[in-house]
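A.B. asks: The chain contents come next:
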Amino acid sequence: MSKTIETTTDNGQAALSFDPAAGIATITLRMAGRANKINDDFGLTLQQGLDWAEGQEGLRGLVLASGHKDFCVGADIDRLYRERDPASLMGRLRELSGLLRRLEKLPVPTVAALTGSALGGGYELAMACKRRIALEDPRVQLGLPEVSLGVIPGAGGTQRLPRLIGIQAALEHILQGKIVRAPQAKKVGLVDELRPDADAVMAAAREWIQANPKAIQPWDDKRFRFPGPRPGGADARNIFMAAAAMLFKKTAGAFPAAEDALSAVQEGCALVFDRALEVEMRYFTKLATSDQAKDMIRTLWFHRTAAEKHEGLPRAEEHGFTKVGILGAGMMGAGLAFICAKAGLQVVLKDVKPEALERGLAHVDAEVAKLRHLGEDQRKALRGRVSGTLSVGELQGCDLVIEAVFESLELKHMVTRETEPVLAEGGVWASNTSAIPIGDLAKASAHPDRFIGMHFFSPVEKMQLLEIITPKGTSEQTLARSLAFTRAIKKLPIVVGDGYGFYTTRVFSAYIVEGAQLVAEGHDPATIEWAARAAGMVVAPLQVFDEVTLTLAAKGFKQGREYGRTLDIPGVALVEAMVERGRHGKAAGQGFYDYGKDGRRLWSGLKELASGTPEQTGVELIGRRLLGLQALEAARCVEDEVIERPRDAEVGAIFGVGFAPNTGGPLSYIDRIGVREFVAEMDGFADAYGERYRPPKLLRSMVENGERFFEAV
Amino acid sequence: MPDAYLFDAVRTPRGRGKESGSLYTVRPVDLLAQSLAALRDRNELDTTQVDDVVVGCVTQTGDQGACIARFAALEAGYDVDAPGVTLNRFCGSGLQAINDAAAMVASGFYDLVVAGGVESMSRVKMGSDGGAIWDPRTQWNVGSVPQGISADLLATLRGITRDDVDRFALASQQRAVDAIEHHRFDRSVVPVVDDSGLTVLARDEYPRPETTLEKLGELSASFETMGRQFGLDSLTRGRYPQVERIDHIHHAGNSSGIVDGAAAQIVATKEKGEAMGLTPRARVRSVAVVGTDPILMLAGPMPASRRALHKAGMEIGDIDLFEVNEAFAAVPLAFMQELGVPHDKVNVNGGAIALGHPLGATGAMLMSTLLDALEDRNLSTGLVTLCIGGGMGIATVVERV
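Taken in sequence, the protein lines are chains A and B. Numbering follows numbering that gives the first Met the number 0, in which position 207 of the first sequence is assigned residue number 206; successive positions increment by one, without gaps. Numbering follows numbering that gives the first Met the number 0, in which position 278 of the second sequence is assigned residue number 277; successive positions increment by one, without gaps.
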């Protein structure tokens, strides 16, 4: 016997079935749309289910299940994004929190049947059940990723998780916004049991209910004790102190969400559970209504998802590539060979030097060996898809060639002329140059319509972003196939117009060159580094300068001069002088830093290379200069039509340059300050520090028309 | 307004603040009660005339909870009308008790106050009273690091090296050992005894006469792992962005010792004291307390001393002897560096590195040490100052009469 209840609204729906013989009810969430989300419809549905359950005679257990692929994907982010009123948000949180408390206080055992992922509010819902049984499938993901969107768990996550798995383990998950796969979730205690298929999950749920008729939530048990150190004790205090330190070291104070998550855990864990929830709600409300959360959600959720889905971009059903040729077996070429092979493609890795090829193949070996979760056979098959060669002939029949040779127009032209003829009929040529205009490279091509820029980031195995550059001659089909390829190798694409440095290299150069410029102006180098991180930059400018190497930058300056893009400023001269003195960067053991056994330390000679002492300095000013100059460059890219979709500016800067994620991206940064205020500040900087700060016309016309880049919320 | 005068001062010897320390078996209330009793007995003090008993104690929980001043006075057999108040200004508490007593007396509201301090660090662990200082929220809003990190930060900012702090530590040991051998603490120190009259501890037991520069050099820095590996150093970076790396130089041998002890002193108007047959030793010229950055935490003695000197209408050169609490060697070194005071005027009988720092009692002990030294050398003016948690600093200027 079963009956279905419909919620009173149109779009919220769940099926309720009740087996009177066993006394077990199942509520299967099957909300309108493609996923179960925590929203008002969910609230109504849960409320009706609870009303029914609380009054149902003979109820001996309740299973919460999903009729969608995922169990529940968490909060309705569209709704959250638009919420600016703290009182209204607080009210909704209280309602939701009350419902979850009713659920966990039902006098019968309750089980979350996790046949799909439970994230954020979805996992918080699962924690409000007394047992979590998941499908034994790595595609099932669990966790509380809220901090990555500038908020914290808001439906009890900061209070239930530490009570479930202990303070330290909970902090690791919450502060890093970790998402774990089902097998790992079982290990750390996020789920209690794993079962091989959905039926087995449901069967296990029923078994557990029958075996545990008196189950209550641990924290509702009078004898409850925290797993591990108890709050208030010296051990817990040390955990909080160490967590605060590690957090601050990582975030430099630019990401209050993680800080508040730590505070919420520490404060709430010392209180009675019901009131502890209130502590969390207040932190959540403050964060969720803040500018930072709005900007992070817009870019890291909406824009990122749009980029992932290739929204507004030409679509091809398949890329149609089977054999990929990669020219140049350096770090990048070898890495590309690996990721292409991993995506199931045949790969021929070519270099002109036997040693280089050998190193490249060894790199592929090492990467393959890291794939422990694959079986020996699968690893062998994967490795077997990569072959190495020194001869162009081996590339015969490739339908995609990715050129990753040294950054020289002449060399790239030569390679194109030499190799393009071996391309299969209709094959695509992609250059991985990081700066040279693709249109210039395509001049050596017989098929400029099938010539495209694919700017990957190093280390390519880790970096998600792929900057696709489409000069005027590139066909829409070539772009569509390239995007399909991007999906196959699981990269996050932005598509930008052609021009020296495209988009990301322009923003990145502005950042690191200004870092050097600040040194040249006499700002304290340690303060420069900290100021960048305190402003939210993922890596400090001098540190990252050393990583890309000063020699490469110096070559770039030379090349940039040919395109009229290298600034004539002391910062550039300083880098060139350092290169001449053999300070080449991290790999050389000396650059802006000296690299020794006990880590890196800023080179003491930097001060002597400075022209004097700046009139004004400090963390705030340096941070605003570094972010401001990058934001200006992004705005110029919009003006130059290198950036066609503003979302690409945001996604590209954050994922490619490590631009301050707390701002939502360089254009969001301008919006947040206010275009008018930003222009005024940059004009002031231009007068004081040079014309590179002079705002482009685009921004001035935006001021006149009262425009901004993104709609205000 | 009357002047406040300092009369007799006593203290217990300092016992090692561990379970193996001599004073571990003595309740902190008894440590304080014995000081109060000794002060009464050797001065034939009529305790009906005591307006208040003001006591510094930092970790006011467990054995030291519930207003230890009141119960120590009663345990010592003070008249039931002699009340008691316990205060906490962290490491400045003992001196704060004297300063508060002086202020009460100088106000004219009170005539005679017993001031002192107590801390049994072996029994009541530092920090065991909890507090907002440990909360992440306070960390984000205010900032807070363990004191050792602050000490190393202070040294880094002032260019004080490992060699400097080790040399200072050695001098502290040598001076303390010399002072003990030559009975320079004898006027103040009253042995702790049990109910049978058996001596529990008669002399300071923390100094290490065998200390050498080589041995100090072998000790590894105490806060390096915590600071670097666990990232606590980075918590200072928000306020000190220019400090790329903190040089960790402090260790057990050049930082104050963890010890147990108590102290008490009579503070009164000259008239009241003399009417009770007491002889004034010194006049309180001025007192001061300041707040400075809580992360650097230990830089308070300099502004506190400047403010106290200013109030007294004096200059640094007018002071004959200084007691600057040796919380960490960098503190007195920074003091001497910044104020231009020669080492031979500072902590002439050693300090907390050799003798130990019983948190709530130290300030009162330093005052008795200063008075003894001024009398011993027939000098006139002295200044006591301590660095204080939360970034505070306290100072008192006295002049012998």
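Worth flagging that the hints you see were computed from the coordinates, not collected in a lab. All of these numbers come straight from a predicted model, not from anything done at the bench. Positions of the beta carbon are idealized from the N, C-alpha and C atoms, including for glycine. Just to be clear, a hint being listed does not mean it is correct.
[As the list claims (entries may be wrong)] On the chain B side, residues computed to face chain A include the following (Cβ under 10 Å): (1) Ala102; (2) Met103; (3) Ala105; (4) Leu234; (5) Gln241; (6) Arg244.
A.B. asks: Regarding the hint that glutamine 241 of chain B lies at the interface with chain A, is the smallest CB-CB distance below 10 Å?
C.D. replies: holds, 5 Å
A.B. asks: Holds or violated: arginine 244 of chain B as interface residue toward chain A, Cβ cutoff 10 Å?
C.D. replies: Arginine 244 of chain B check passes; min Cβ-Cβ to chain A is 6 Å, inside 10 Å.
A.B. asks: Hey, does the alanine 102 of chain B contact hint survive, CB to chain A under 10 Å?
C.D. replies: Result: violated, 35 Å to nearest chain A Cβ.
A.B. asks: Let me know if the C-beta of alanine 105 of chain B comes in closer than 10 Å to any C-beta of chain A, holds or violated.
C.D. replies: Interface hint status for alanine 105 of chain B: violated (41 Å vs cutoff 10 Å).
A.B. asks: Let's test the interface hint: is any C-beta of chain A closer than 10 Å to that of methionine 103 of chain B?
C.D. replies: Violated, because the Cβ-Cβ distance from methionine 103 of chain B to chain A comes to roughly 36 Å (cut-off 10 Å).
A.B. asks: Under 10 Å, Cβ to Cβ, is where leucine 234 of chain B needs to be relative to chain A, so tell me if that hint holds or is violated.
C.D. replies: This interface hint holds because 5 Å falls under the 10 Å limit.
The earlier numbered hints that this structure contradicts are 1, 2 and 3.
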